[in-house]
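Since each chain sits alone in its own frame, please combine them into the complex, following the hints.
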Amino acid sequence: MYGFEAMTFNIHGGYLEAIVRGHRAGLLTAADYNNLCQCETLDDIKMHLSATEYGPYLQNEPSPLHTTTIVEKCTLKLVDEYKHMLCQATEPLSTFLEYITYGHMIDNVVLIVTGTLHERDVQELLEKCHPLGMFDSIATLAVAQNMRELYRLVLVDTPLAPYFSECITSEDLDDMNIEIMRNTLYKAYLEDFYKFCQKLGGATAEIMSDLLAFEADRRAVNITINSIGTELTRDDRRKLYSNFGLLYPYGHEELAVCEDIDQVRAAMEKYPPYQSIFSRLSYGESQMLDKAFYEEEVKRLCLAFEQQFHYGVFFAYMRLREQEIRNLMWISECVAQNQKSRVHDSVVFIF
Amino acid sequence: MEKFIDNLSPMDLMRSEKMSLVQLIIPVESAHRAVSYLGELGLLQFRDLNAEKSPFQRTFVNQVKRCGEMSRKLRFFKDQIIKAGLLSSIHPVVEPDVELEELEMQLAEHEHELIEMNSNSEKLRQTYNELLEFKMVLLKAGSFLVSNNNQAVAKERELSENVYSSDRYVEASSLLEQQMRTADQSGLRFISGIIFQSKALRFERMLFRATRGNMLFNQAPADEEIMDPLSAEMVKKTVFVVFFSGEQARTKILKICEAFGANCYPVPEDFSKQRQITREILSRLSELETTLDAGIRHQNKALTSIGYHLTQWMSMIRREKAVYDTLNMLNFDVTKKCLVGEGWCPVFAKAKVQEALQRATFDSNSQVGSIFHVMDAVESPPTYFRTNHFTNAYQEIVDAYGIARYQEANPAVYTVVTFPFLFAVMFGDWGHGICLLLGAVVLIARESRLSTQACVRAYHKLGSFMAMLFEGRYVLLLMSLFSIYCGLIYNEFFSVPFHIFGGSAYKCRDATCSDAHSAGLIKFRDPYPFGVDPSWRGSRSELPFLNSLKMKMSILLGVAQMNLGIILSYFNARFFHSSLDTRYQFVPQLIFLNSLFGYLSLLIIIKWCTGSQADLYHVMIYMFLSPTDDLGENELFWGQRPLQIVLLLLALVAVPWMLFPKPFILKKLHSERFQGRNYGMLVSSEFDPDVEPDSARQHHEEFNFSEVFVHQMIHSIEFVLGAVSNTASYLRLWALSLAHSELSTVFYEKILLLAWGYDNVVIRLIGLAVFAFATAFILLMMETLSAFLHALRLHWVEFQNKFYHGDGYKFKPFSFALIAEDDD
Chain A
1 MYGFEAMTFN IHGGYLEAIV RGHRAGLLTA ADYNNLCQCE TLDDIKMHLS ATEYGPYLQN
61 EPSPLHTTTI VEKCTLKLVD EYKHMLCQAT EPLSTFLEYI TYGHMIDNVV LIVTGTLHER
121 DVQELLEKCH PLGMFDSIAT LAVAQNMREL YRLVLVDTPL APYFSECITS EDLDDMNIEI
181 MRNTLYKAYL EDFYKFCQKL GGATAEIMSD LLAFEADRRA VNITINSIGT ELTRDDRRKL
241 YSNFGLLYPY GHEELAVCED IDQVRAAMEK YPPYQSIFSR LSYGESQMLD KAFYEEEVKR
301 LCLAFEQQFH YGVFFAYMRL REQEIRNLMW ISECVAQNQK SRVHDSVVFI F
Chain B
352 MEKFIDNLSP MDLMRSEKMS LVQLIIPVES AHRAVSYLGE LGLLQFRDLN AEKSPFQRTF
412 VNQVKRCGEM SRKLRFFKDQ IIKAGLLSSI HPVVEPDVEL EELEMQLAEH EHELIEMNSN
472 SEKLRQTYNE LLEFKMVLLK AGSFLVSNNN QAVAKERELS ENVYSSDRYV EASSLLEQQM
532 RTADQSGLRF ISGIIFQSKA LRFERMLFRA TRGNMLFNQA PADEEIMDPL SAEMVKKTVF
592 VVFFSGEQAR TKILKICEAF GANCYPVPED FSKQRQITRE ILSRLSELET TLDAGIRHQN
652 KALTSIGYHL TQWMSMIRRE KAVYDTLNML NFDVTKKCLV GEGWCPVFAK AKVQEALQRA
712 TFDSNSQVGS IFHVMDAVES PPTYFRTNHF TNAYQEIVDA YGIARYQEAN PAVYTVVTFP
772 FLFAVMFGDW GHGICLLLGA VVLIARESRL STQACVRAYH KLGSFMAMLF EGRYVLLLMS
832 LFSIYCGLIY NEFFSVPFHI FGGSAYKCRD ATCSDAHSAG LIKFRDPYPF GVDPSWRGSR
892 SELPFLNSLK MKMSILLGVA QMNLGIILSY FNARFFHSSL DTRYQFVPQL IFLNSLFGYL
952 SLLIIIKWCT GSQADLYHVM IYMFLSPTDD LGENELFWGQ RPLQIVLLLL ALVAVPWMLF
1012 PKPFILKKLH SERFQGRNYG MLVSSEFDPD VEPDSARQHH EEFNFSEVFV HQMIHSIEFV
1072 LGAVSNTASY LRLWALSLAH SELSTVFYEK ILLLAWGYDN VVIRLIGLAV FAFATAFILL
1132 MMETLSAFLH ALRLHWVEFQ NKFYHGDGYK FKPFSFALIA EDDD
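These protein sequence lines are chains A and B, in that order. Sequential numbering of the first sequence, starting at 1, is according to our numbering. Sequential numbering of the second sequence, starting at 352, is according to our numbering.
Chain B extracted, bound-state conformation (with noise of 0.2 Å):
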C-alpha cells in the first residue's frame, strides 16, 4: 500500500511549486538591468530588507521621486488630452525605449509648451469671454433701456450722458473709470453686467437690502452659454440692469457686484453707438474665435502627438518606478560595490532567473558577474500554484477561503469536478443547464476578444457582476454541463418530464387511465433505462418518491465528498512524515465517521439494492438507544446486530482515541528533544533539515502543554460533533435541489399552462413573457447564485475543515505584467 502511494506520480496542481530562498549579489552597475530583467521574468519575490527604514532614508529615493515627478506629468497630459475629447486616437505605438533622462526632459518639455499654451489660450478665451458677455449684455441691457425710454421720458437726459468711448472698451477696468465720470452727477443712473444666473437671485436680495430697496432691478437670461474658465463648463449667465440713485448707492452696488462675481460693461443710451459698438464687437469676436480655433488646433496637435506615446511612457514610467521601489528593498555590502537581495523563487525557476542574471551582466558589460545561491530559511516559504485558464477559477474559490499552506494538499484539484457537480445536483433541469451552457459557450467563444486590456477595462465599469461572470466561465462551462446530466437523471425539462430513453416502465391500470393519480399505476417492463421514470411526475407519490431519492443520493455524495477530505489529511500527514498525525488523527477519525455515516450509507445502498422495506430512521436511531435489542422486521442482512455493536465500540474508542494521545506525546516528545540538547548540538542539527518547516518553527516555540491540550480537544470536539453536523448539512443539496424543481414547475403550471388555457394571443404572450422573464431572472440568476454559494459552503466547511489549513501566504512575484495589470 505504502509502496502504491510513492508511485503515484504527482500532480501537478496538488502541492504548491517547491520554492527556495535565494540571495543575488549583484554588482551596482548592473543592478538597475538585472532586476528589470527579473521584473519581465516575473518569478522572484523580493524580501524587503530595508523595512525598518522609511521610505525617503533609502538608496534610491531620488529616482523614485523623478519618477513619481514624470508620473505626475503624464497624468497631466491625459488629464488634457481627456479634456480636450482626443482620448479615442490614442493607439499604442511600440517603440524602441528611451533613456530615462532623455524622457524626463522630454516631458519637462512638453510640459512647458502645454502649459505656455494653456495660459495663452486661456488669456484668448478670458478676452473672447468678456465680448461675449459684452454682446449679450448689450442686446439685452439695450431693449431695457429702450423700453423704459418710453416709459419715462424725463431718465433719458441723465441716462445718454453715459457716454461711452469706444477706444477703451476691451479693459473692464476702465470702463468702470468711465463711467465714474458721469458719477459725480445726482439723480438716476444705472449699471448693467451679467452675473451666473444660479447666484442672480440672491445678487438681487442682497442689492434690495444694501439700497433699502431704493433701486430698480432688471434681468433677462442670457441667450448663449458662457463657458467657465475654471471648470471648462458651460454655464448659464443672467443679464441685469440696475437702476439707483445717489453716489453711496452707487459704491455699494459695485461692492456688491465684485463680490458675487458680477461682470459689470456699461451700455451707451444712444441707438447708432449701440449698433456701432454691436458691430465692432462682432467683428472683434470673430477674429479672436478664428485665433482661438487656431490656437485649440494647435493644442490638438501637440496632444495629439503626446498622445501617441502616452501609453507606452507611462507603462515604462510604471515598470521604471518599480525596479526603484524594488531596488530599495535591496541592502548594500560592506564595500557598497554590490547589491544583496534576497527572494523566493519557485525552484524550477533557478536556471531563468540565473540566465536573466547572466544577460544582464552581459547587456551592462560589467567586469564582475552576478552571484545567485540558495539560502536556508527559517520562515516558512509563499504558497505558488501555476495555473492556467482553466484552473485558475478554480483556485480562486479555494483561495477566497485561505491561501494553502506551503505544499499542502490543495483542495482545488477536486474542487475543479466536485464543485461543478454538487451545484448541479441543486441546479438539475436539463433546459436551464442547457441556458447556462449557451452563456458560458458564448463567454468562452469570446475569450480572447474579451480578455483584451480594453475590453476587461470596459466590463469593470459595466460592473463587477459581468466581470466575475468572465473570470468564472469555465466554472460555469462544467457547471452547466453537469447540470445537463443531473437534469437528464431527475427527467426535468424547464420541469417537464420527457421519454427520451425509452417508455415508461409503468402503464394505467385500464384503458381510460381514470384513476392514474390516485390508485397508481402497474409496472409492465423493465425499470427506465437512464434517471427517473417520467410516470412519476403528477402521481400522487412522486414527492415522496423524489425525496427519498435526493435525500438518500446527498447523505452518499456527502460521506463520499468527507471522506476524501479525511484521506486527504492522510496524505498531508505522509507528505509532512508526520506519523504522529496520521495515527491518532486520521485513523480514529477515519473509523469514527465510517462507522456511524459510512454505516448508514451502506444500509442505503441495500435497501436501494434489494429494495427492502427497512426504515432506516429507525435503525440508526435504536443503534444508539437500545444496540442490543432485535431489530425485527428491519433487518436488512445477517449479522446486521453484532455489526452495529461492533461499529457502535469503535466510535466511542475513536472519540479518545484522537483526542488523548497526541498531545501526551507530544510533550513527551518536547522534553525529550530538551534534554537531548544538553548533550550536544550535533543531533539537533541533523535533525533539523528533515523536518517540516512548520515543526521547524516550533523548535523554538515555548512548549505550553494545557494550549496544546485545549486546542486538540477543540478539534476533537468540533470533529465529533462535526461529523453529525456536516452530515445533515449536506440535506442542503437535497433542499435545494426540490426547490428549484418546485419553482420551476409551479412558474410552467402557474404561468405558462393557465395563459395557454385561454384561446387568446394577447394572454398567451403575456403569459410567455412573464414565463420567459421568471425563468431567466429567478430561476437561472438568483437560483444559480444560491446554489453557487451553497455549493461553496459545502467545499469550504464540510469539505476543507477535514483537511485544509489554509495559512500560508501568496507567492507575489516582482513582475511588470502584474504591475500592469493592477494600475488598469
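So here's chain A without its partners, still in its complex pose (with noise of 0.2 Å):
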C-alpha cells in the first residue's frame, strides 16, 4: 500500500531500521579519511580504527599487520552486523536480506571453479571467498567437470538454483564459459531480486528499482566493454543484458553493436543521468570509469537514507559498508607499498 507504510512498517521493521541507521551513523567519515591517507604505516592506520567502530575487531591483532588482516577483520564486522540483523528480521525482510547476499555468492562459485580449473588449492580458494556469499557445500564445487554436474551436484540446494536454468550445458568448463555463466547468474540474479522489489511496493520498490537499474545499466556497461575485441557474438552480448533499467530495451540495442568505448559513450551520453559520469572522463579512457560508477552509487545509495520505512536502506548500508572496506583496502595497500600519491584514485568518500 503505497504512502501507508508509515501505519504499519515499524511492528516488524522499525527495531531493524534503527539499527541499521545506527550503523550507518559508524560509517567513516571525510575527516577519518583524511587522517587515514596520512598514515605511515599500517600500525597508524590500525590506531586510527581503533577510534572508530572497527576498534575491538582489530585490537588483538599482533602488531605486524598486513593488508590482508585489516579487509578480513572489517569483512568479519560487516558480517557479524549481517548476521544480526539477519536473525531479529521477519518476513519479507530476511528473505529481502537473503537477496542482498546472492551477488557474493555468485562470485564465490565463479571464484572456486575458476581456481579448481587453474588447480589451485581449494582451502586456499575458500579463504579468498567472501563470508557473506558462503554456503554449505561450496567446497563440493571442486568436484564439478562441467554446468550440469555443478548445478545438480551442488547448486541445486542453494538459493542460486533458479538462476541456472538458462546456462545449464554440458559443455566443459572454461575461462570464457564461466564468465559467461556469471553474466548470466547475475542477470537473472538481477531480475528476480527487482521483481521481488516490485512485488514488495511502496517506498521499497520505488528506491531499490532505482538502485538496482543502475546496477543493472553498469553491469551492461562493464560486459560490453569487457567483451570488446573478445568472440563473444552481438547476439550472445546482448542476452547478458538484464531486462530493465534505464537503458533496456533501446540502449542495450546500441550497446550491443559497440566496437569500442568511444562508441558506449556515444551510446551512454543519451542518457541524462550517466551525461554527468561521462562527461567527466576524457576520450579514449576507461580506467576511471570504474570509480565514476562507485561515485555515483554512493550518490544514489546515500540517498536511500532520506526517506524512511523502507528496506532500501538495508541494500544501501551493505553497499557502503563494501565500498568503505574496498577504501580501507585501497589505503592500506598504498601505505604498505609506499604508494601515498595514489591514495586518492580509488578511494571513494561515503560522506
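I should point out that these hints are in silico values taken from the structure, not numbers from a laboratory. Accuracy of the hints is not assured; some may be wrong.
So, partial list: chain B residues that the calculated Cβ filter (under 7 Å) puts toward chain A [to be verified]: (1) Arg409; (2) Glu420; (3) Arg560; (4) Ala600; (5) Ala610; (6) Trp989; (7) Gly990; (8) Leu994.
Here are the simulated PhoX-like cross-link-like pairs (lysine-lysine), alpha carbons at most 25 Å apart as the crow flies [to be verified]: (9) Lys369(B) / Lys1163(B); (10) Lys858(B) / Lys416(B); (11) Lys624(B) / Lys486(B); (12) Lys687(B) / Lys474(B); (13) Lys128(A) / Lys606(B); (14) Lys77(A) / Lys128(A); (15) Lys474(B) / Lys429(B); (16) Lys429(B) / Lys77(A); (17) Lys672(B) / Lys369(B); (18) Lys424(B) / Lys434(B); (19) Lys416(B) / Lys688(B); (20) Lys239(A) / Lys270(A); (21) Lys291(A) / Lys270(A); (22) Lys83(A) / Lys550(B); (23) Lys424(B) / Lys77(A); (24) Lys701(B) / Lys340(A); (25) Lys703(B) / Lys1018(B); (26) Lys624(B) / Lys416(B); (27) Lys701(B) / Lys1163(B); (28) Lys77(A) / Lys874(B); (29) Lys404(B) / Lys1018(B); (30) Lys424(B) / Lys652(B).
Ideal placement from N, C-alpha and C gives every residue a C-beta, glycine not left out.
Below you can see the structure in the form of C-alpha cells.
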C-alpha cells in the first residue's frame, strides 16, 4: 500500500531500521579518510581505526599487520552486523536481506570453479571467498566437471538454483564459459531481485528499482567494454543484459553493437544520468570509469537514507560498508607499498 | 536581612568547588613522573591542547602504541588462563613496580613461550585426535565389515585386498596413497572415515548425487566426543563406511571427503590385523596422553606464574597508557625542553598539586623545577562536588537531570531530605516501610564487603537492578524511615490501623455498635494524639476524610517546595551579583505564586485550625470570577474580601513585572556598555573580573533583543502557567498514596482475610502465600518504583525548574582510581 507504510512498517521493521541507521552513523567520514590517508604505516591505520567502530575487531591483532588482516577483520565486522540483522528479521525483510548476499554467492561460485580449473588448492580459494556469499557445500564445487554437474551436485541446494536454468550445458568448463555463466547468473539474480522488490511495493520498490536499475546498467556497460575484442557475438552479448533498467531496451540495442569505448560513450551520453559520469572522463579512457560509477553509486545509496519506512536502507548500508572496506583496502595497500601519491585514485568518500 | 544572609556559614554541597585554570610547565625529564603522581592524586583535569592533531601525530604516540601492544599480550594471557580454567587461582600480588622496558621484554618472552607451547600441544593434540579417530573408525567400521561379510561372502576377497601396512599409519596422506595401490583393481571397494555429525546428512546426500546412487553408505555415531582444535570444544562425530565401485567414483568421493573435512582411515579386513593395529594404537594413545598431560601441566604452571602478576601488570599498563595519553595532551614549549599543560584544578587542591610536582622534580633528580601558576579563564569551569557515601546517591539523582552550572545552587542539598520524604508521602505504610528498612539495613551492613571490586563486578553481572539498588542504599534507608513515619501518621500497617498512641477518640452510640458504619460514632474524648484515628477505618466517611486530608497536605507540601525553589533562585542571583534577576524575576515570581497558592495554603491552615465548613473550591474560583461579591458563609476570617482583591491585583501586576522590564534593561545596559567601549578599554578591564563568568561570555556575543525578549516571554508564560499546573502536579502525592493504601487494603481484605475465613490449613497457607507475593512484588517493588519515579519527577520538574540551569559539565580529573573503575 504505497504511502501508508508509516502505519505498519515499524511493527516488524522499525527496530532493524533503527539498528541499520545506527550502523550507518558509524561509517567513516571524510575527516577519518583524511587522517587515514596521512598514515605512514599500517600500525598508524590500526591506531586510527581503533578509535572507530572497527576498534574491537582490530585490537587483538599482533603488531606486524598485513593488509589482508585489516580487510578480513573489517569484513568480519560487516558480516557480524549482517548476521545480527538477519537473526532479528522477519519476513519479508529476511528474504530481502538474503537477496543481498546472492551476488557474493555468485562471485564465490565463479571464484572456486575458476580456481579449480587452474588447479589451485581449494582451502586457499575458500579463504579468498567473501564470507557473505558462503554456503554449506561450497567446497564441493571443485568436484564438478561441467555446468550440468555443477548444478546437479551442488547448486541445486542453494538459492542460486533457479538462476541456473539458462546456463545448463554439458560443455566443459573454461574461462569464457565461466564468465558467461557469471553474467547470466547475475542477470537472472538482478531480475529476480527486481521483481521481488516490485512485489514488496511502496517506497522499497521505488528506491530499490532505482538502485537495481543503476546496478543493471553498470553491468551492461561493463559487459560491453569487457567483451570488446573477444569472440562473444552481439546476440550473446545482448543476452547478458538484464531486462530492466534505464537502458532497457533501446540502450541495449545500441550497446550490443558497440565496437570500441567511444561508441559506448556515444550510446550512454543519450541518457542524462549517465551523461554526467561520462562527461567527466576524457575520450578513449576507461580506467577511471569504475571510480566514476562507484561515486555515482555511493551518491545514490546515500540518498536511500533520506526516506523512511523502506528496506532500501539495508541494501544501501551493506553496499556502503563494502565500498568502505574497498577504500580501506586501497589505502592500506598504498601505505604498505609506499605509493601514497596514489591514495586518492580509488578512494570514494562516502560522506 | 542582607547581613544575616551574608553571615550564614557556607554549606558544603550548596556550591560546587571553586576551580581555577592552572598552567603547568614541566621539564621533559620529570614529565612522566609528574603526570603519574598527578594521576595518583586525581585532582587535576587536563585540557587537550592538541585537539586538532590526529592520534598518531602526537608526541608520545610510540609509547601509546607500545602500551597497546602490551595490553594486547596481556589480554592474550588472560584468554589463555581462562581457557585453561585457572582464573580462580589469580590473587593480586603486590610487588614493586617493574620498569616498563623490563616488563615489555618479560611479556614478549612469555608470549613467545606460550605460543610455542600452544603450537606444540596443538601438534600433539592433532596426532592424538587422529589416533583417537582411527581407533573409533576401526571399532565401528570393523563391525560393519563383519556384518557385510556375513551377508555377502563374494565381496570378501576384494575387501581383503585392502592391505594395511602397520608402519605407516600415522600420516593420513600416506594412508591414502596406500589405498591407491589397490585402486586399479575394479570391483567393489570401500572408504572409511569419520566426519562431524552435523555434516553427515549433507555428506551422504552429496555422495549419493555424485555417484548417482551407486554406493552404500553406512554410519554409526562415535562413542567419544573429540575436541575440535579450532574452537576447543568437544564435538560429536560420526564414523562412516562408503562402498562403491569404479575409479572415477573413488576420486570424486575422496574430493567430497576433502571438501567436507572428513578424515579417511583405511580399515584392514583381516580380524587379526585389526586387533593388532588396535592394540598398537591404544599403546600409542596412552603414550601420547601422558605427553599431552605433561605438556598441559607445564603450560598450566607457566600460566599460573603469569596469573600471579597479571592483575598487577594490567593495572600498570593501564596507568602507563593513561599517563602517555595525558602527556599527549600537553604542548612543547618553544625550547622543546619543557612540556606545557593546562588544566582545571579545585582551589583547595592547589597545594597538593604543587607538592606532587615538587616530589616529582625531586624524585627524578631534575635540575629545573616545574612551574605552576593560575591563569584567567574565558570558558566556564567544570562543576565538582565533593560527595561522600551518603550524599553521592542524591547528587547522582540531580546529575541525572543535568550537571549544575559552575557554582550555582545545588538542589542535592535539599534533595537529601525532600526526596525520601515525598516518596514516603506516597508510600506511607509502616509495615511496608519496615520491609524496605530491612533491605536497606542489609545492604548497608554488607557495604564494605559488597563495595570491593570483585563483588561490584559480580553485581554488575547479576543485573543493573541490584547494582542500582546497592548504589542507592542510603536513599533507600531514608525512604524507608520516612515511610515508617508517614505510615504512622496514616496509621497503616499493611493497611491495618493500630491503637499505638492510646485509644480512639470515638465510640459507638450504643452497646451493640450496630450502626457504627452507617450513622456514625460519637466523639467522647480528646483527639487521637498522633496521626489518623484508627476508628476512621471502615467507616462510611473514611475515603472523603482521607482524601481531603491528603489532598490539602499535598498542596501545602507543593507550595512549600516551590517557594523553596524560588528562594534558591534568589540565592543564585545574589551569588552571581545579578540584582536584575532579583528585582525582576525573583520578586514578581514570589508574589505571583504566593498571592494565589500561598493564599490557598493559608486558607487550608485556617480551615484546619478553626474547623470551619467553608468551601475552598468556591472561594478560590470566585476570587477570580467575581472578586467583589460577598463571600457569605464561605468567609473564613474578617477582611478576607479586601485581602483577596489585593492579592488578585498583586498577581495581575506580577505578570508584566516579570515579563517586560528585564529585556529592556538588558538592552539599555548593552547599548551603554557598547558606547562606553568607545571611550577606552580601562573601564571594561576593570569591569570584567568581578562579573560572573557567565556574563563574561556574553560580552563577546551579539545582543539580539528580539531573542532575549522571546526568551523572557517563554520563561514568564512558563512560570505563570506552571504555577497552576505544578501545584496540580503535586496532587500526585495524594493520588499515589491513595492508590497504595487501596491496593494494600484489597490484598489484605480480599486475599488474606478471605482465606482466613476458611477453616482449612491449605487454603490459609495458599492465601498467605498469595498475600506475601502480592505484597512483595506489587507493593514493595512496583509501588516503590512508581513512587520513586513520581518523587523524581516532582524534584526534576516542579522543584528544579524554579532555579536550576543544569547546563554545566562535570569535573573529570585525571585519576588512576577512576581509570580502574572505568575498565571494570
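Discussion item. Checking each numbered hint in turn, tell me which of them this model violates, lowest number first.
Written reply: Structure breaks hints 1, 4, 6, 7, 8, 10, 12, 17, 24, 25, 26, 28, 29.
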